[in-house]
Amino acid sequence: MPAQVITITSGKGGVGKTTAVANLAVALAANGSKVVCIDGDIGLRNLDVILGLENRIVYDIVDIIEGRCRLKQAMIRDKKLPDLYLIPAAQTRDKNAVSANDMNRLAKDLRSECDYLLIDSPAGIERGFKNAIAPADRVLVVTNPEVSAVRDADRVIGILEAEGKGPAALILNRLNPVMVKKNDMLSPDDVLDLLAIELIGIVPEDEGVIVGSNRGTPVASDPKSKAGQAFRNIARRITGEEVPFLDLDHSGGLWDRIQKLAGRK
Amino acid sequence: MDETNSLIQIKGLRDGLLVSLNDAPWDEQLSVLISHVDAQPAFFQGARLALDVSSQILRVNELVELRDKLSDRGISLWAVLSESPTTQQTSQLLGLATRISKPRPEESKDFGVDDLGEGTALFLDRTLRSGTRIEFAGHVVVLGDVNPGAEIIAEGNVIIWGRLRGIVHAGSQGNREAIICALDFSPMQLRIADEASESIGTQEKDRPQVARVNELGKLQAENWSAG
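Heads up: the sequence lines are chains L and V, in that order. Its first residue numbered 57, the first sequence is counted upward by one per residue in the working numbering. Its first residue numbered 7, the second sequence is counted upward by one per residue in the working numbering.
Since the hints were made in silico from the structure, they are not lab data. Here the structure is a predicted model, which is why all the values come from computation and not from measurement. The C-beta atom is built at its ideal place from N, Cα and C for all residues, glycine as well. One thing to keep in mind: the hints can contain errors.
Sample of chain L residues at the chain V side, in silico, Cβ under 8 Å [stated by the list, open to error]:
no., residue
1, 135
2, 137
3, 186
4, 210
5, 213
6, 214
7, 218
8, 219
9, 221
10, 223
11, 250
Looking at chain V on its own, in the form it has when it is part of the complex (with noise of 0.2 Å):
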């Protein structure tokens, strides 16, 4: 046992474990990690796990292999923590999160206008398409196209330098003054906090729009006007 304790560590969360793998050889550490879950089986079963891989870099038939043994045994994999970019992009890519958010108290729910000011953002180099999933506690700012078929979850806003096409959802942990702009705006579905709208978005596509939620509590989209 204390040979594997040295491989991986478990934590209990909140609202799951976290489990924590060093930059041993990615075989050992699944092997190790899967020995560990059949010595305990009513430990694990059902539990919803997070897995920090710290630096390892996983594409996605391993990620894959991983989370079909790991569903074969009752555990749901939901997220994949990495400080390697391509983990990450695996991850995404599989709709796993690639943060936990920080367990919040209840009244954090409501957020002050000052805290979309500032703060964390998700910067995105690329085109997101069909199938990604990305989910970020902050803001998200893509350099590319959201293709039909991707998604991004931001509990911030969400500024698109590209296409919109996907889905979006800004605001995500119910703040209602969270915007979603993009420079060609054409949506699959919109949701900003609990409001949500199919399609959405004024005749002149080539203009830049924003979207928010009006005075009368509906999304709306208008084109961008600087100033």
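Same shape as in the complex, but just chain L (with noise of 0.2 Å):
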């Protein structure tokens, strides 16, 4: 079966775009998909960091593209998860050495190769965006429980609708269950409510998630990580797997609530 092409995007940047792509490469890796991600973040390349795998890196996707090299020289395989490949992002070029029609090629060629092919978004609604969601068969929007990112998942939902790349799916990540209780977090409710698109996860805050990235094994290999169980879990209903969300509140109440929210579609 041809790969299908997932590409994870936000608008506003630092909300975990790179820490999700890499953690869900490995959730999937791990369950026998065969799977490349792609860093769209040409310029600015941290993928390869945070799969640990940045002293690999030989080849490049400008260098594909650019025809210096052959598509299986850039596909870097991963150390420990033999069916996980990157292609790197250039660093000494900028998100103009690429264009949507290079990204759809690139995809076309690499749907033979994978189960799942993630593209990393670079942040922001320009042209690394438009080129990171063209050839996307399916879009996952990430965002914090924060104003300010949710309005531009908002925005960058609403252009997905409009390029007929909808609908998109969404990832709430580094939620503090605890500031939820006090009311001084947006709840995944108060999210939901505004941006009306299915959940996909709800990816818990947890220091790990720093610590896993910092150290090139991201937190989906970490049994005993709660929120490495949450991309696990994305991973699983990405693969079309019908999985309970995770009870991050042990009194129950926003479990119900989130329960509640993600049947309603």
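Build the complex from these two chains, which are given one at a time in their own frames, with help from the hints.
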């Protein structure tokens, strides 16, 4: 079966797009899918760092597009997961080095090579973003429970709808159940109320995510991490499995509400 | 020149130029328009341009490309007229007007109450997300929410069958009789004619409310009551 192309985007920067791509890639590959991820953030690459593959880069996406190497030569195999590959971004170029057609062509060539092609979009709604969503079959929008991040997510969802790329699904990243309970943070209800799209996962705030990113071993490979579990669950939902949402709040109040909202399509 | 004339028409309006395109492939039209502009840079320099694309279906990419190319040449694209709902939606998304209001004599700024009773309305059957801007020379009815960061500017009334959390300007041409209603009323900012207010609305969030300019000339919102 040809690969599904999934682009992860957000509008606002720093909400955890790259972390989400790395973790979903690891989780999907650990479940036996063949995964290729593309770092679409030309000029500001960092998916390689989070996956711990920085030292292995020889060729990058611009080399493929400009014909300096073959596709396979730029696909870096993960250290631990033999079915996970990364196509890194170029660090010394900018977004203008790649066009939407280049991305479509690249995705077309990769469809027969894997089960899932994950594209990490740069922040913003300009060219890099347009390139990243061009080949997408499905788009996941990452946001944080913060007013500014949700506002940008709303804008991006509007553009995706206008481009015929909808309906997007939402990953709510870095939720702090204690703060939500004290009314210091937007709740999943608040966010879904506004964005009104399908929720595919809620990832709790977890220091382990930062540690994992710095060490080049995404938390999805840590069986004890709650954020890791959340990413593993999202990966399973991507493959079409029905997975109940994590109980982030032990009293059950939030859990009930999330479940209710998740059921609302 | 004859060949280009058959593809595009340029007309002077009171406040800018109106360029009409036909149904030829978009790339072709775009290059004809640009070469037309490049042939007479002095004529186009600093112009405000409205574009009539008839039934062409245009996506964000295409309009952005056009807008950028025009702005590189000192031309500001402010409106795109189209029969295609997709193109209209694209234009709204980019903050471009989708209709040109007819040139009006100065005195017609004074609407009578009767003018608000009936008239043209734009019906939008969707939620307006952040970054969307709707401008309309009549009433606007939204079946959906108006999210924070979205804007509606209407010469008439604005009725929102949903949550109002963005910005609405009713009576934008000076009609102080215009009203704004919504089922859930928590706008970021409201304007009616030249009155503006930041946070307005009663505390009862779950009740429909209506905002109008009261006898004292201030913007005021109150719970909706039938009859």
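Okay, the hints, checked on the actual structure:
no., hint, result
1, 135, "38 Å, violated"
2, 137, "35 Å, violated"
3, 186, "6 Å, holds"
4, 210, "4 Å, holds"
5, 213, "6 Å, holds"
6, 214, "3 Å, holds"
7, 218, "5 Å, holds"
8, 219, "6 Å, holds"
9, 221, "10 Å, violated"
10, 223, "12 Å, violated"
11, 250, "6 Å, holds"
In summary, the numbered hints that this structure violates are 1, 2, 9, 10.
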